[in-house]
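A.B. asks: Generate coordinates for the entire structure from the input sequences, incorporating the hints supplied.
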Amino acid sequence: MQRRSTSVVRESVRLLQRVGEYAAACVSFACVAMALFVARDVAASPMPPAAENLRLEDAPDDAGGVLVVFWKTPDPAVSAGVVIERSLTAAERAKNADELWIEVERLGRDAVAGVDGSYVLKGVPIDEDTRVRVSILGTDGELSEFVESAPARPEVSLFAFKRLPLLLTVIVVSLSVLVWVALARSGRPLKIRRIAALDAVDEAVGRATEMGRAVLFVPGIQDMNDIQTIAGLTILGRVAQTAAEYDARLEVPTCRSIVMTAAREQVQAAHHAAGRPETYAEGNINYITDEQFGYVAYLSGHMMREKPAACFYMGAFYAESLVLAENGNSIGAIQIAGTAEPSQLPFFVAACDYTLIGEEFFAASAYLSGERDQLGSIKGQDVGKAFAIGAILIGTALATIAALNEGGSLGMWAGSAVASMRGFFGG
Amino acid sequence: MLQRTIPLLILSASGLILILSYFSPITETWSEQVVSWFNILAGVAFVLGAGNLLAVNLEKISSKRPGWAYSAITLVSFGAMLVVGLSKWGAVPDAKHPDVHLAGSQDSTQAGYGWAYEYVLSPLTATMFALLAFYVASAAFRAFRAKNFEAILLLGTAFIILLVQIAAGAFLTNWIPEDSFFAFLRAESLKAIVTEVFQTAGMRAILIGIALGTAATSLRLILGIDRSALSKG
Amino acid sequence: MSADRAQQSSGAPKSDTRLWIALLIFGAVGIFAGKLWRPGPLAEAYVEVVTETRVLAEVVPAPTSQGTSTNAQGSESLAPTSLEQENAPPTRLWVELDDPRLKSGELRRVEGVATEVWDERAKVDPKKAREQIAALESDAEKLSAPIDPTGLTREEFEVREAARMNALKVVESTRIVASPRDSIGIWIAALLTLGIFSFLVRDNPFYKVVESILIGVSAAYWMLVAFWSTLVPDLFAKLAPDLVRATMLPGLAPSEHPGKDFLLALIPLALGMMLLWRLAPRGAWIAVWPLAVVIGTFAGMRLTASIEADFMAQIAATMKPLVAYTSSSAEGAAAGSAFDLGGTLAGILGVVGVITVLVYFFFSLEHKGVVGKTARVGVWFLMITFGAAFGFTVMGRITLLVGRFDFLFNDWLGLSP
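Protein chains in written order, with the numbering used here: chain P, 1 to 427; chain G, 1001 to 1233; chain L, 2001 to 2417.
Rather than coming from a laboratory, the hints here were simulated on the basis of the structure.
Nothing here was measured: the structure is a model prediction, and the numbers come from that model.
In this text, a Cβ means the ideal position worked out from N, Cα and C, and glycines have one as well.
Check before you lean on any hint, since a few could be wrong.
To be verified - Simulated pairs of lysine-lysine, BS3-like, Cα-Cα distance not exceeding 27 Å:
id, chain 1, residue 1, chain 2, residue 2
1, G, Lys1191, L, Lys2320
2, P, Lys95, L, Lys2260
3, G, Lys1060, L, Lys2320
4, L, Lys2208, P, Lys307
5, G, Lys1096, L, Lys2123
6, P, Lys72, P, Lys122
7, L, Lys2103, L, Lys2169
8, P, Lys122, L, Lys2260
9, G, Lys1096, P, Lys307
10, P, Lys307, G, Lys1060
Stated by the list, open to error - Incomplete in silico selection of chain G near chain P, CB under 10 Å:
id, residue
11, Ala1080
12, Ala1139
13, Gly1209
14, Leu1212
15, Ser1218
16, Leu1219
17, Ser1228
18, Leu1230
As the list claims (entries may be wrong) - Restraint-style ranges between C-beta atoms, simulated for each label pair:
id, chain 1, residue 1, chain 2, residue 2, range
19, L, Leu2239, G, Val1056, 26 to 36 Å
20, P, Glu128, L, Glu2048, 53 to 63 Å
21, L, Lys2142, P, Asp110, 49 to 59 Å
22, G, Ser1063, L, Pro2281, 14 to 24 Å
23, L, Thr2247, G, Phe1141, 56 to 66 Å
24, L, Pro2281, G, Phe1144, 49 to 59 Å
25, G, His1101, P, Asp110, 43 to 53 Å
26, P, Met47, L, Glu2048, 51 to 61 Å
27, L, Ala2309, P, Asp110, 29 to 39 Å
28, P, Lys191, G, Pro1066, 47 to 57 Å
29, L, Thr2399, P, Arg305, 26 to 36 Å
30, G, Leu1086, L, Gly2030, 39 to 49 Å
31, P, Asp110, L, Trp2037, 51 to 61 Å
C.D. replies: What follows is the structure in structure tokens.
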């Protein structure tokens, strides 16, 4: 922590220094520009003016290997480009003793269109000094004299300071979940509102059992690298446990091989948890095909033929959502869907009996488990939402004050406050 | 121990490592490495998928269960495609290395694989996708019969957007003067209001919720609060 | 369930047969009528055939100047630096028969290696193909007659005659031919398309056949994609680069860190083997380990990514002023710019929308009283959001359907004008 605070101080000092440098540079530039403006008509110089204020600095917040070259173009009007060369590395010098410099890049007019120019030099060795030299290319094709920089060495940062706000937010969100899990353990009463879609799970599985038909569970069409598939499979665990208790047949066709494996683990674990490991049938969990529409073709046909009484769609879905939901509708199945794919929510909402929308889908597994720890974590999510609402209200209020009192001191203050808030959240 | 505790420890450790790695410039590219490993793992896992496909269909055929002929069709088309694609049957040689057969390209219909893609797979998937036009209509009809306020809002908005997208919207509302108080009822303004005000707001809240849900789900898994995935017995 | 199925099997076939006969007759009559209206073959397909010839050549060592020839053609095979070239055997590469470097002596043919000859076929649009074939035929006819020498000097005649022969060569070497294999393909694609559409009537044997083909072919297709584009370049090429270079990827560049690549490739290989261990009779539990790695790593990755990209970014984007002026610039406000009622309402609605929907998502609060009413407003916002997405999708789906009809009527039946 101390290290971090000292580097914050160091950063701010560096910032102040840079502001000072800029101011000095601006003044000197103004003088040079004026002098040039006066001198311009007097005589056209045969060589373009050389670059000024050449600096070579470490690029912050990276794993090393990157330096940034800054320079000032004295007279952009007569400059057509810039040539950047760097000193050879020790390894290169060992191979080729004659050369001292190697050209890195020849930049065009855009690089010298303004006074301030910069170039990112990559692949710089971190354990030795590197220098650069820069020459301005004039509009007449002449090169100016090379200006050489002081040596620099890229620094390796252990922490990306640009992600500090993210780290703080992750800590806030994680802590709110953790605190509520701890409160739940300490016996604090947990009130969670009813979620109709989840209360219907037992009913749907029960109905399938009564009718002697299967329960169909579709874990989406994405692989295990999608958090929605993982969330869908945790819900599968709960549904499978209910199905095992009711002794209903649960079918899980999958679109990915790894999902099939994970679903088998999940359902087997559920049968163990329900105390009926002997009823677990691996043959009900099968891989069909990775192809989205091949999978849908199978599911459509399968649903028409086998007529499952309850259909669960839990995971990442794309265009197939509506095909599934409409087919389920036509066979009269109870359909419960859950996804965080915003583009597909409309179709599930329109065609399914119950839909878990976005965050509800992620809370479902915890809700269904009924365990205190997990219910506590749902409370933690609410704290996160309260945090979001608070930030939005404060930010909006400040932005409104800034707009109402534009130019006034209060407005200025509010404007800068909202700007720094936006900066924190990365807007 | 090996079956229950260690997997949970592996899960927690790999999760924490990936979270922390994002905050250091030295390790922030680890996630790319992990994604590439996952793709390889998914490739290897195809052995399981293919094995399952073969097992299920062979079992159906050997026990002569109803519909076993369809299983035979699946197996034949699976096997044929696999053989043709692995052997690069009919592939166009690579111009730089025409002597290495397996370096050839099999994307054109000249090769068996390209042909099967162009004339079997692609029309099938495209048609399956196109069926959605019918399903959209039937879903709209069903929602329309629901007759509650929410369904009407959903369908009404959908209807407005549909009208605006086709020429009918402009045709119906062009008589409203552009500078009048009711100008917001013109097709293009209605579309802008629906998308920029309502849809943007709705999506923002949904995304904030999803982000919290994702974070909480990840935390439950990484901290071992939800152990359902890996604990049996 | 069994009663259900029995009922189906006794009732369905009769009406199915009738339906299919009716459909077949209707389809046949339709095609016949269409062909009367626009005569022409069904499922027309043409390809332009180009014959490629390659010979193996090697670089003739140039003792005086190193590297002058290397960049002339920008060829990748000539990439090694001059230093390495001196000791290595001469670089070999496949070039066209009329490669200028063969004539100039920069390259020489390797003796004893057979010439590689193959045809490349590129599909041509049928309408254009017919036009091109007609044009080629008339060109050939025109060019076949020798040039009339009267009134020409000998040189003029020779120049023109040579030009004629060249043009004739080009015309004769351009081969645009009907492609039966593509025509058969179009027929198959059309039948498969109809098979999928038949599901709209009801589930039927035709659909079942098509569904079985789709599952088989697509499962194999994705396995092939994984094999050729992931396993070969990212796993096999790291584990056994020389073997892969000799058999599958001759253009594979040598790695800078072969040892590191090898070790890193062992990790996913080991995870994959553990996953496959499920098939083994004993110790199948080890398959859970790679699953734990996958779930753990992606849970960790998505945690930071979702908070950064969705949570924080969306909060920042919502922080906007509630009041709006017609001119948003500072001098506009000073000059007393007009208050924008529409913009202000839009701003207020935007924030109200985000907050009410978030309230709807609250799990701790029962949807009663004030919270209930707020959540209800949130639901309205959600429904409008969903409705808009619904409306935008409809047109896209209809376009897809039109695309399939276009294929059936034009590519297959050839009914386009």
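A.B. asks: The structure should be examined with respect to each hint, and the outcome stated for every one.
C.D. replies: Going through the hints against the structure:
1. Lys1191(G) to Lys2320(L): The given pair, whose Cα atoms are some 21 Å apart, holds under the 27 Å limit.
2. Lys95(P) to Lys2260(L): Measuring from Cα to Cα gives roughly 25 Å; hence the hint holds.
3. Lys1060(G) to Lys2320(L): This hinted pair is violated, its Cα atoms lying about 62 Å apart.
4. Lys2208(L) to Lys307(P): Distance of about 16 Å is within 27 Å: holds.
5. Lys1096(G) to Lys2123(L): holds, 23 Å
6. Lys72(P) to Lys122(P): At roughly 21 Å apart (the allowed maximum being 27 Å), Lys122(P) and Lys72(P) satisfy the hint.
7. Lys2103(L) to Lys2169(L): With a Cα-Cα distance of about 22 Å, the restraint between Lys2103(L) and Lys2169(L) holds, given a limit of 27 Å.
8. Lys122(P) to Lys2260(L): This hinted pair holds, its Cα atoms lying about 22 Å apart.
9. Lys1096(G) to Lys307(P): violated, 55 Å
10. Lys307(P) to Lys1060(G): holds, 20 Å
11. Ala1080: violated, 15 Å
12. Ala1139: holds, 5 Å
13. Gly1209: Constraint on Gly1209(G) satisfied, holds at 3 Å.
14. Leu1212: holds, 4 Å
15. Ser1218: Holds, because the Cβ-Cβ distance from Ser1218(G) to chain P comes to roughly 7 Å (cut-off 10 Å).
16. Leu1219: holds, 5 Å
17. Ser1228: holds, 4 Å
18. Leu1230: The hint holds - Leu1230(G) has a Cβ within 10 Å of chain P, the shortest such distance being about 7 Å.
19. Leu2239(L) to Val1056(G): 26 to 36 Å: 32 Å Cβ-Cβ, so the 26 to 36 Å window holds.
20. Glu128(P) to Glu2048(L): 53 to 63 Å: holds, 58 Å
21. Lys2142(L) to Asp110(P): 49 to 59 Å: For Asp110(P) against Lys2142(L), whose Cβ atoms are near 53 Å apart, the range 49 to 59 Å holds.
22. Ser1063(G) to Pro2281(L): 14 to 24 Å: Because 23 Å falls inside the window, the suggested range holds.
23. Thr2247(L) to Phe1141(G): 56 to 66 Å: Because 57 Å falls inside the window, the suggested range holds.
24. Pro2281(L) to Phe1144(G): 49 to 59 Å: holds, 57 Å
25. His1101(G) to Asp110(P): 43 to 53 Å: Once the Cβ atoms are compared, 48 Å apart, the range 43 to 53 Å for Asp110(P) and His1101(G) holds.
26. Met47(P) to Glu2048(L): 51 to 61 Å: Since Met47(P) and Glu2048(L) have Cβ atoms about 57 Å apart, the given range 51 to 61 Å holds.
27. Ala2309(L) to Asp110(P): 29 to 39 Å: holds, 31 Å
28. Lys191(P) to Pro1066(G): 47 to 57 Å: Once the Cβ atoms are compared, 52 Å apart, the range 47 to 57 Å for Pro1066(G) and Lys191(P) holds.
29. Thr2399(L) to Arg305(P): 26 to 36 Å: holds, 31 Å
30. Leu1086(G) to Gly2030(L): 39 to 49 Å: Given a distance of about 41 Å, which is inside 39 to 49 Å, the answer is holds.
31. Asp110(P) to Trp2037(L): 51 to 61 Å: holds, 60 Å
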